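Residues 1457 to 1582 (this note's numbering) are what the sequence shown spells out, left to right.
The set of hints was computed from the structure by calculation and includes no laboratory data. Computed from a prediction, not measured in an experiment: that's the story for all the values here. Please note: incorrect hints may appear among the correct ones.
What the hints assert, rightly or not - Cut-off 25 Å, straight-line C-alpha distance, at most; resulting in silico cross-link-like pairs (DSS-like, lysine-lysine): (1) K1530 <-> K1544; (2) K1526 <-> K1564; (3) K1544 <-> K1507.
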Amino acid sequence: MQDINDITIIDLGIARKEALNERFRHRRRAAKIKITVGQYNKSRFGTSVYKIMNAVFRGRDIPVKIVGTKSEVKAFIEAMKRETQYLKAVRKYGLDDHRTYKKKYKLKRAVSKFERDTGLKWPLEN
C-alpha cells in the first residue's frame, strides 16, 4: 500500500531524452517512487497509469507528479481525461450506444496525440 507521503513521478520525456537504460528506483528514505519510461520499465508506466485510473474511479487522490514538456503533460492529462470519460460511458450506456462511440473516437484522438507528442505507446487498451 502506498503511504500518503509517497509521490509517484512519471517522466514523459524519457523517450525524448533517449535514456533507455534508466532503472526503476525506490528511495525509502525520501518516500518517493520515480518512474522513468524506458525500454526496461514500460510496464511500470502502464501500472502507474492503471493505478491513477483506479484512484479516479474510487474517488481517491493519488499523489503524482508528471514531468515533461508542456505539450507532453497536456497530452497525458487529455488522454487520461478521455479514458475516464470513455469508461464511464461504457459503464452507463454499454458498448453499443452512440454516446459511447463518440467517447471512444475522442479517446483515440487523444491517445494518438499523446503517442505523437511523447513517443510512448499508450499503455491502456481502448
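Results for each hint:
no., hint, in the structure
1, K1530 <-> K1544, "holds, 21 Å"
2, K1526 <-> K1564, "holds, 20 Å"
3, K1544 <-> K1507, "holds, 16 Å"
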